Amino acid sequence: MKKAILALEDGLWFEGVGFGAEGETFGEVVFNTGLTGYQEILTDPSYKGQMVAMTYPHIGNYGINVADVESSRPWVEGFIIKELSPVVSNYRSELTLNDYLKKFNIIGIQGIDTRKLVKHLRTVGARKGVISTVELDHKKLIKKAKNSPSIEGVDLVKEVTRKEPYLFEESMLTDFDWGQSKKKRFNIVAVDSGVKWNILRKLNQHGFKVQVVPAHATADEIRAYKPDGVFLSNGPGDPAAVKYLVETVRKLIGKLPIFGICLGHQMIGQALGGKTSKLKFGHHGNNQPVMDLRTRKIEITSQNHNFVVDIASLPKDEVEMTHINLNDKTLEGFQHKKYPLFCVQYHPENSPGPHDSDYLFTRFYELIEKNS
Amino acid sequence: MPKRTDIKKILIIGSGPIIIGQACEFDYSGAQAVKALREEGYQVVLINSNPATIMTDPELANATYIEPLSVEFLEKVIVKEKPDAVLPTMGGQTGLNLAVEAYEQGVFTKYGVEMIGAKYAAIKKAENREEFKQAMLKIGLDLPKSNFAYSIEDAERIAKEIGFPVIVRPSFTLGGSGSGICYNFEELRTTVRMGLDYSMVHEVLIEESVLGWKEFELEVMRDIKDNFVVICSIENLDPMGVHTGDSITVAPAQTLTDKEYQRMRDAARKVMSEIGIETGGSNVQFAVDPKTGRMVIIEMNPRVSRSSALASKATGFPIAKFAAKLAVGLTLDEIPNDITKYTPASFEPTIDYCVVKIPRFAFEKFEGVDNRLTTQMKSVGEVMAIGRTFKEAFQKGLRSLETKRFGFGGDGKDRVFDLALKTRDEYLAFLKNAPNDKVLKEKIFAYARIPREDRIFYLKYAYLAGYTTQEIYQQTGIDPWFLVQLKQILDLEGRLLNACGNPKEQERLMRQAKEYGFSDLQLAFYWGMRERDIRKKRKKMGIKPVYKLVDTCAAEFKAYTPYFYSTYEQEDEANPSKKKKVMILGGGPNRIGQGIEFDYCCVHAVLALKKMGYETIMVNSNPETVSTDYDTSDKLFFEPLTLEDVLNIYENEKPIGVILQLGGQTPLNLAKSLEKNGVKILGTSVKAIDRAEDRDKFKRLLQKIGLRQPANGIATSLEEACEIAKQIGYPIVIRPSYVLGGRAMEIVYDQTSLKKYMKVAVEASDDHPVLIDKFLEDATEMDVDLIADGMTQVVGSVMEHIEEAGIHSGDSASVIPPFSIPRQTIEEIIQKTKAIAKELHVMGLMNVQYAIQKGIVYCLEVNPRASRTVPFVSKTIGVPLAKLAAQTMVGKSLKDLKFTEEIVPRHVAVKESVFPFVKFPGVDIILSPEMKSTGEVMGIDKDFGKAFYKSQEAAMSRIPRKGTVFISVKDNDKPKIAEIARDFHRLGFKIVSTKGTTQVLKDYRVPVQEILKIAEGSPNIADWIRTKKMDLIINTPSGKGPMLDESKIRSLAVSFNIPCITTLNAARAAVCGLQAIRNEELEVKSIHDYHGLKAARV
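As they're listed, the protein sequences go chains A and B.
Per the numbering used here, the first sequence starts with residue 34, numbered consecutively.
Per the numbering used here, the second sequence starts with residue 65, numbered consecutively.
It should be emphasised that the hints constitute simulated quantities derived from the structure, not laboratory data.
Keep in mind the model is a prediction, meaning the values are calculated, not measured.
Among these hints, one or two may not hold up.
[Said to hold, decoys possible] Part of the chain A face toward chain B, derived, beta carbon under 7 Å:
1. 120
2. 122
3. 359
4. 363
5. 387
6. 388
[Said to hold, decoys possible] Here are a few chain B residues that sit away from chain A, every Cβ distance over 12 Å (derived from the structure):
7. 316
8. 507
9. 551
10. 566
11. 599
12. 642
13. 718
14. 750
15. 780
16. 822
17. 823
18. 970
19. 1143
20. 1162
Where is the CB? At the ideal position from N, CA and C, for every residue including glycine.
With these hints in hand, go ahead and build the complete structure from the sequences.
Take a look at the structure:
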């Protein structure tokens, strides 16, 4: 049991007990309200640059299993929880959370009033913070947090994207398979800005042969694969800092059917001339209600984003709003009126999260079918 | 979608009396539904036979019928009120079954009433096991292997195919009635025989056992547009094999990965669409094989349930309220989330705390009952506790139970078989010895295997005796995650014990101990100190609980609903206001002797005080109740009702005082200690309470008033008891002091029985002395409820019991106004009751019990608090006594409140008690001074006979209008039975009897057919019951000891659902009832019409 301190740039600090790795780590502190899914959260590349506080107090109960990871490693800069489970209880578990974080050198802190932290972040907005097991003077840590770099304006995508193209061929776990496989396969290129594997698994399962390319792949490089469509993935950080990808997308719009998720959605928004802005504390959880404006049906969605595309900034004559968040009425999805293009801000691959939005992959398939 | 405008008037069916498997939660859901629908502009008609409900208050529905829940009466209400629709999903299984029956008899079609919330076909599909199974297979869900049996032969064949153990589940029953686990053919035959009988459709399912699998439940909602949300996931600590109502359950689920959880969610969604639940809430139960993850579906309930009430309280999401709104066509996105105001209800609540529900049992009330927990529900109530961690919530839950436990043991109440660990030394000795005492150790381990009420503590003893988590897991099937949480508590306990006499170490451990949910009392035990010293020390260290909000969203959004739980963390959110506030202590878990009536009173106090402008603070631990609806009080604290927890809130909130006379004995027991800690008690003073409860002071009080008491004495030893008994003469009534519901009270006829009793009583009374009274034979018992403001005293009502004195007042039928007592005696009773109230300076409510023997009035007891009968009286006289009482406690006079005269109603109301015998096969159903009933109903009509008849029908022991009546009475009653038998004969009944009674009847020339006793060959009386050749049984118990034949007759009657009357008075009343309805059709009349009242505006 090693003492650890979590300190925010604005002076709030907590004393807790360290777990996972030891040392010192910086990042923007955000909270996630999911009751399940810490493993998927840890391995979601979109959390690069951020430290995640889980609102549910008991974490680690079911351990870690290899099948449920969302990428090759955990990306969070630090992990903040109320209580780490002293035991792992699940038939699929292969590793404890503690060992897993140690293995990947991620620092965790437990034993803090996470609700107080969340209420604070809710009020003041996401804040830079530091977790340390080496420096235990909170005043010094607060200063360090203040001086740590901001993620605004920083391109974090380049940190998480795979450097080389590859063909993704992993299929879904059969035990938890909830969609149907299609026989006919379309070829698509998926631009990896920090893609979650379940997106690729879902694409695979929904009838796509998925060629993954790095985020810095050019439009020409993408078109060289002669794909039937292009998929733009999620990813971390400030979307305004990923100018090269916006450029790429701009060149592809109207040329190929495009589907974007999360950062992908923000790239498309910018490519169409829209602006992104930062939410106070973002949407991170598995219970966000989104309405599909065409069917008026509600889906409970999995979300993880700090930035949104401003509705008003999009060209009205080109863009049709398709999805809206019912909690704060922010934009959750749109499509192009002329071109085969649509995107959502949330995560239809739902890992973690409910499976309500699975239909979007089918929609992509149909879009390509119509355009081929 | 906008709400429907084609319907204007909606009928809601209530759930009737409180029984095992169906408690206050349906008052909570029903009351919410009534309010929600009226809010939307609909007219609401309500039928419910239970007067002790908030939903039947005249303010709520536009027309409220306190009438029996049978098709006959339902139809009468429909004819009178002409509703457009009926909402059958709020009244539990009772309401649903009644709707199904009415539909099948064509009632709804005949009068053009539409079923909303759940359609007939959907209910059928969910409830009929075969249809359900087919539906599940169709959508590709896995189920345990199973098949239906319609006979014992079927069952044997199927069990052979599946292999033992198998589970037997009757179709269409309540709370799993008649279901059970069978390990062999013999058990199978018994269970199936009973199960077939319980089933409305004479069908049982024989099912593959998934015993030991993990059990989960999802509370879900769906609207007309197919929007679907999961409100709450629940994981049971007790694995499959224990009814979920009897299991310790935890929200949210703890051991599922997201993949496994989402698979379950998908399954629940498919179930909802396939079954066709278009609008409303349901729960879906799953079992998961811990080794392979195989998930099977167990069942679904197409209605709100006990679990949905729990889920609502656990998350802050009001399922019933929203379900009612969905039923009229609104969609989830059109309903705002009450708590956050700005976000819609179409989301899935997320929580940042852990919730533990623990069931409350009452096995001690039923001698000879099988106390093993099975798939048939046996608990009578439950508590819920919230903590930031499981450990905290779990220990809070245990101390909420009102079983005198203050956490996970270490509270001086640990008891390992016969070994009581009352002191620290005894405890340490056990810790030292247990691991080395092979016999004890193995005994503990063996005991822990079988689920029982106290099994949870034996898990602890097993740990302390040296067993490992793995071993205990193998033995019990309880998930290691839970076991290790328990182990963590024990590990800390070990360190706490070691810190005895080491103040520094104590200070080091204090905060962690509190975070783990340890009570001050436990710490006092570990450290050899007094509870108040721990409190002082703790406060000095600045360790106080903080209060956190239940907000549906884990703090993501600002919440507006003040619903709190305590925990030991940094930030307090209670934010006490500067307003004048009153704190009201609730009644804790339902148990026999303390039920919904007290919650009703507490809610009334809240409503009245709120109206007066006070800020009301409710404290309670029972998730079923209306009082713990965050909509009820200004501030709700979901907390245990112990000195420590109550004081903490009191000190934080600083109210002007605390009301504890409305929550029954639970809060009243805290009166002295609260006052000692500087708490201002509102209403009748603690001193006055003591004068009524302390034996000697009570005696002097009665002498001063000039009231007789049955001869009595106090004994602290067997010798003393024998001596007193000799002096006052047998029979005597004997009981421990300070008890509730006649706990361990008995009528003793001779010294042998007295000796036997003393052995048990000392245990039941915690070394308190036993009280001995002369038993007044053949006396009539009376109950009086009174309200006073300190100056003026007004009697709410005088009630006459149908059963004679000696039967617990909570178990008797009682009648307003009295029907056989001369006016003069009633006057005397009224005057004396007022005199007592004046003498005690009662402010608020008081209840006095009298017995009248040969014209002489004896006072039996005075309860300076709200009684169980307050709601019954209030509904009968049309005056909300509890509301008035609360106002007197803050200084209003009865004159101000315009209640200064007794009201003698022109109608007659009969309260009848309802018993749980059907859940305890083999237990004798005779009534005694020990209370056994779980609930009550009311029959109301213009004369006694009709009101009584209705009360019996409502109590589910319908008096048959014709047929065969079996009469067999004890010798004492034989001379008096002839007249009753003759009346039955005149009413057209065939009379059968066994030898003794037959002879008597023949002597009096009553036509009778003699049948054989059980020992006399066959066909005998038992065969007659089994083949249902009789319609009514009148059997009065002969008093001493278990008379095999007669008790068997009675318990068979219960099993085969034949009404059984066990007192002559009740038999006479039944005759009255039959005579009253012979020539006149029974009518229905709303409470509003009885009292000329109107529903409140919305």
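Here's how the hints hold up against the structure:
1. A hinted interface residue such as residue 120(A) counts as satisfied when its beta carbon comes closer than 7 Å to some beta carbon of chain B; here the least separation is about 4 Å, so the hint holds.
2. Taking 7 Å as the C-beta contact cut-off toward chain B, the hint placing residue 122(A) at the interface holds, the least distance being around 4 Å.
3. With a least beta-carbon distance of about 5 Å to chain B, the hint placing residue 359(A) at the interface is held under the 7 Å criterion.
4. At about 12 Å, the closest approach between the beta carbon of residue 363(A) and any beta carbon in chain B exceeds 7 Å, and the interface hint on this residue is violated.
5. The criterion of a C-beta within 7 Å of any C-beta in chain B is met by residue 387(A), whose closest approach is roughly 6 Å, and the hint holds.
6. The interface hint given for residue 388(A) holds, since its Cβ lies 6 Å from the closest Cβ of chain B, which is under the 7 Å cut-off.
7. Interface exclusion of residue 316(B) from chain A breaks down, the closest Cβ pair being 5 Å apart, not more than 12 Å.
8. Remark: the non-interface label on residue 507(B) is consistent with the geometry, its nearest Cβ contact in chain A lying 27 Å away (cut-off 12 Å).
9. For residue 551(B), the non-interface assignment is contradicted: its Cβ lies about 8 Å from the closest Cβ of chain A, within the 12 Å cut-off.
10. Once the 12 Å rule is applied to beta carbons, residue 566(B) is consistent with being away from chain A; the minimum gap is 20 Å.
11. Under the 12 Å C-beta cut-off, the non-interface status given to residue 599(B) relative to chain A holds; the minimum distance is some 23 Å.
12. With a minimum CB-CB distance of about 23 Å to chain A, residue 642(B) clears the 12 Å threshold, and the non-interface call stands.
13. With a least beta-carbon separation of about 23 Å from chain A, residue 718(B) lies farther than 12 Å from that chain, consistent with its non-interface assignment.
14. The beta carbon of residue 750(B) is kept farther than 12 Å from every beta carbon of chain A, the shortest such distance being approximately 38 Å.
15. Every Cβ of chain A is farther than 12 Å from the Cβ of residue 780(B); the closest lies at roughly 48 Å, confirming the non-interface assignment.
16. For residue 822(B), the requirement that its beta carbon stay farther than 12 Å from each beta carbon of chain A is met, with the minimum near 47 Å.
17. Residue 823(B), annotated as away from the interface, keeps every beta carbon of chain A farther than 12 Å; the closest lies near 44 Å.
18. Look at residue 970(B): its CB is around 54 Å from the nearest CB on chain A, clear of 12 Å, so calling it non-interface holds up.
19. Chain A leaves residue 1143(B) outside its interface by the beta-carbon criterion, the shortest separation being 59 Å against a cut-off of 12 Å.
20. Against the 12 Å criterion, residue 1162(B) stays outside the reach of chain A, whose nearest CB is about 27 Å from its own CB.
In this structure, the hints that do not hold are numbers 4, 7 and 9, in rising order.
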